[in-house]
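Colleague: One-letter residues, chain by chain:
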Amino acid sequence: MEPSTALKRTPFHEFHRAAGAKLVDFAGFEMPVRYTGDVREHQAVRTAVGLFDISHMGEFEVRGPEAAAWLDRMVTNHVGALAVGQALYSPMCRPDGGIVDDLLVYRYADHHMLVVNAANLAKDFGWLAEHKPAGVTLKDRSDETALLAVQGPKATDVLRGHVPREALELGYYRFTTGELFGAPATISRTGYTGEDGFELYFEPRYATTVWNGLMAAGKPHGLELIGLGARDTLRLEMGYMLYGNDIDDVTTPLEAGLGWTVKLAKGDFHGREVMTAQKAEGLKRRLVGFQLEGRRVPRHGMPISSGGRAVGVVTSGTHSPTLERPLGMGYVETALAANGTALEIEAGSSTLAARVTARPFYTRGSHRS
Amino acid sequence: MTFPEELRYTSEHEWAREQGGLVTVGITGYATEQLGDVVFVELPAVGRKLEAGKPFGVVEAVKTVSDLYAPIAGEVVEVNAALADDPAVVNREPYGNGWMVRIKPSDAGATAKLLSSADYAKHVEGAHA
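Those sequence lines, one after another, are chains A and B.
For the first sequence, the residue numbers in this note's numbering are 184 to 552.
For the second sequence, the residue numbers in this note's numbering are 125 to 253.
Warning: the hint list may mix true and false statements.
[Stated by the list, open to error] Under the rule of at most 20 Å between Cα atoms (straight-line distance), these lysine to any residue pairs were calculated in the SDA-like manner:
#1 A:Lys205 with B:Glu249
#2 A:Lys205 with B:Tyr154
#3 A:Lys205 with B:Glu175
#4 A:Lys306 with A:Pro336
#5 A:Lys205 with B:Arg216
#6 A:Lys205 with B:Gln158
#7 A:Lys322 with A:Glu352
#8 A:Lys449 with A:Lys467
#9 A:Lys205 with B:Ala251
#10 B:Lys173 with A:Leu447
#11 A:Lys205 with B:Asp210
#12 A:Lys402 with A:Asp279
#13 A:Lys449 with A:Val433
#14 B:Lys173 with A:Asp279
#15 A:Lys205 with B:Lys173
#16 A:Lys205 with B:Ala205
#17 A:Lys467 with A:Gly490
#18 A:Lys462 with A:Leu447
#19 A:Lys205 with B:Gly153
#20 A:Lys205 with B:Val248
#21 A:Lys467 with A:Asn428
#22 A:Lys205 with B:Lys228
#23 B:Lys178 with B:Ser135
#24 B:Lys178 with A:Gly531
#25 A:Lys205 with B:Lys237
#26 A:Lys205 with B:Asn215
#27 A:Lys402 with A:Pro278
#28 B:Lys178 with A:Arg348
#29 A:Lys205 with A:Ala189
#30 A:Lys205 with B:Val189
#31 B:Lys178 with A:Ser532
#32 A:Lys449 with A:Pro278
#33 A:Lys205 with B:Lys178
#34 A:Lys306 with A:Asp279
#35 B:Lys228 with B:Glu175
#36 A:Lys322 with A:Ala252
#37 A:Lys306 with A:Ala292
#38 A:Lys467 with A:Ala518
#39 A:Lys306 with A:Asp293
#40 A:Lys205 with B:Thr188
Simulated from the structure, these hints should not be mistaken for lab results.
Hey, can you work out the whole structure from these sequences and the hints?
Modeller: What follows is the structure, given as C-alpha cells:
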C-alpha cells in the first residue's frame, strides 16, 4: 500500500527511499520494514553490524528538583538509584497494575529523559502530564530528536574514531554525551537486539552528516540497513517485550516476567498494591516463551490450549533466523508455565505442538551485562 | 511491476502455467515481495483433489503467513519437494524453481478463466490506489 501523505517521516526518510526500503505505516510513521530481506538483515546484526532508524520513538525531557521522586511514583523500577550517565528500563503502570508503556529513563546531570514507544507517545504524555506535580516540567522533545541504533558485534568498530573514546568503554545501560561525527549527541550503550551496540540521539539537522558518516565508517565492517521486520525477530529471539503484543494496559509487569523491574521496596508507585498482592497470592497467568516442533509459525492472537482446553493466547511469534525454527511467547495459566510443558497452538485448521522454553531463546549475543 | 505473459493469475496472487495437460502453480513475485523471506511452505499430499478458489497449502514467511488458493480444480500429481530444504527459492525464483504443485485439471481449459498478465498487473496496481 502506498502510505498516505498524513504519515510522519523521520529525518532519514530520503535515505530509506534511496536504499529501496519497503515502507509501511508504523505508529503513524512511514517506516522501513525491510531493505533487502528479514533474514539477511537479522544475520547481519548477529554476525556483523546493522543500522536502524528508530527516530519514531518519543523522547520526553523531565526537569525539576522533584523529578526523580515523581518518576519513581510513575514507574516500577528505581529511578532514584540511577547515577548520572546511567539508563534504566522500566514499565510505567496504572494504579491497577496494567502497563501504560515500557520505557527507558536516562539520568543526565540536570534532567531526565524518557524514551517511549511511538504508538504510545500521546497516551504517555497525557498520562504523565495528568499526574505531574507543579514543580516538575515535562517537554516532548520527539520532533527535535533523531535516533539511530548501531547494533552488532562490530558496533564499536564502526564508531571508533567518530565518538569520544570513553563512549566505546561504556558499560551496558550507560551513556555519555559528546560529538558523534561532529554532532552533539547522547551515545548510549543500549539496544533491543541482544548484541553489543549503541543508541544515538542527536538533533535532526545533523541527520545527513551522521547517516553518511555511519554508512562510510560501517562499510568495511559489513554494516547493513535494518528494518522493523528484523528488529522484531532480533528482539523476539531475546524474549524482549513488544508493547501492544506482549504487554499492554491489562497485563502487569509480574505476569510478563518483568519482576526484576518492579522495586516494591522503593516506596509507593502506581500499581504497587496490586503487584504486592499478586506476589503474595501468586499469579493466575504468566508470559512464557515456547518453541515449536514443526515448521509452522505461531502468530499474535492464536489461541493456546492444553489437552484441548483453552489456556491462553500467543502474544508474539516468528520464525527465528538464528535458531532456524519457529518460536513465540504468550500468556498461559501459571500451572502450565514450567519449562518443558507441552502446549498446543491453534493455527486455524492446524494444531501446532509447542513446548515451554526458557528465555532468552538466543543466548550467544554480544551485548554486555 | 510486470508479470510473465505466458502465465495466468488469480487475484490471490497465484500463477498457473499449463503445459502438456498439467498445470503448475506458484505464487507471484508481487506476493513474495509482500510476504518477505519465505521460511516454510506446507503443501498437500500427491493425489489430493483441489477445489478452485479453496486453500490447499500455507506459505510461512518470517513476518507473516498466507494461505495458498487453488487456481483451478484438479488432482495434485506432484509437489515441489525441494521447498522443504530451501523455501527461500520461492523468493529467488517465484516463477521457476519456486513452483509449488502440479495439478491434473478436472476441466480442460480451466486456466482460460484466470486473469491474464495485464489484468493481474491492474489488480496489483489497484491494491496500491
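Colleague: Is the hinted pair Lys205 (chain A) and Tyr154 (chain B) satisfied, with a Cα-Cα distance of at most 20 Å?
Modeller: holds (12 Å)
Colleague: Does the structure keep Lys228 (chain B) and Glu175 (chain B) at a Cα separation of 20 Å or less?
Modeller: holds (12 Å)
Colleague: For Lys205 (chain A) and Gln158 (chain B), compute the direct alpha-carbon distance and say whether it is at most 20 Å.
Modeller: Between Lys205 (chain A) and Gln158 (chain B) the Cα gap is close to 9 Å, so the pair holds against 20 Å.
Colleague: Quick one, are Lys205 (chain A) and Arg216 (chain B) close enough, alpha carbons at most 20 Å?
Modeller: holds (17 Å)
Colleague: Within a Cα-Cα threshold of 20 Å, do Lys205 (chain A) and Lys178 (chain B) meet the stated pairing?
Modeller: violated (30 Å)
Colleague: Please work out if Lys322 (chain A) and Glu352 (chain A) have their alpha carbons no farther apart than 20 Å.
Modeller: Since the Cα atoms of Lys322 (chain A) and Glu352 (chain A) sit roughly 31 Å apart, the hinted pair is violated (cutoff 20 Å).
Colleague: Quickly compare the C-alpha distance for Lys178 (chain B) and Gly531 (chain A) to 20 Å and report which way the hint goes.
Modeller: Holds. Lys178 (chain B) to Gly531 (chain A) sits at ~14 Å (cutoff 20 Å).
Colleague: Given the hint that Lys205 (chain A) pairs with Lys228 (chain B), does the C-alpha gap stay at or below 20 Å?
Modeller: violated (37 Å)
Colleague: Run the distance test for Lys462 (chain A) versus Leu447 (chain A): straight-line Cα separation, threshold 20 Å.
Modeller: With a Cα-Cα distance of about 10 Å, the restraint between Lys462 (chain A) and Leu447 (chain A) holds, given a limit of 20 Å.
Colleague: Given the hint that Lys205 (chain A) pairs with Glu175 (chain B), test it: the Cα-Cα distance must not exceed 20 Å.
Modeller: Violated - the C-alpha atoms of Glu175 (chain B) and Lys205 (chain A) are around 34 Å apart, more than 20 Å.
Colleague: Between Lys467 (chain A) and Asn428 (chain A), is the straight-line Cα distance small enough, at 20 Å or below?
Modeller: Holds, at about 19 Å.
Colleague: Going straight from one Cα to the other, do Lys306 (chain A) and Ala292 (chain A) come out at no more than 20 Å?
Modeller: violated (27 Å)
Going down the numbered hints, you'll see the structure goes against 3, 4, 7, 8, 10, 11, 12, 13, 14, 15, 16, 22, 25, 27, 28, 33, 37 and 39, while the others check out.
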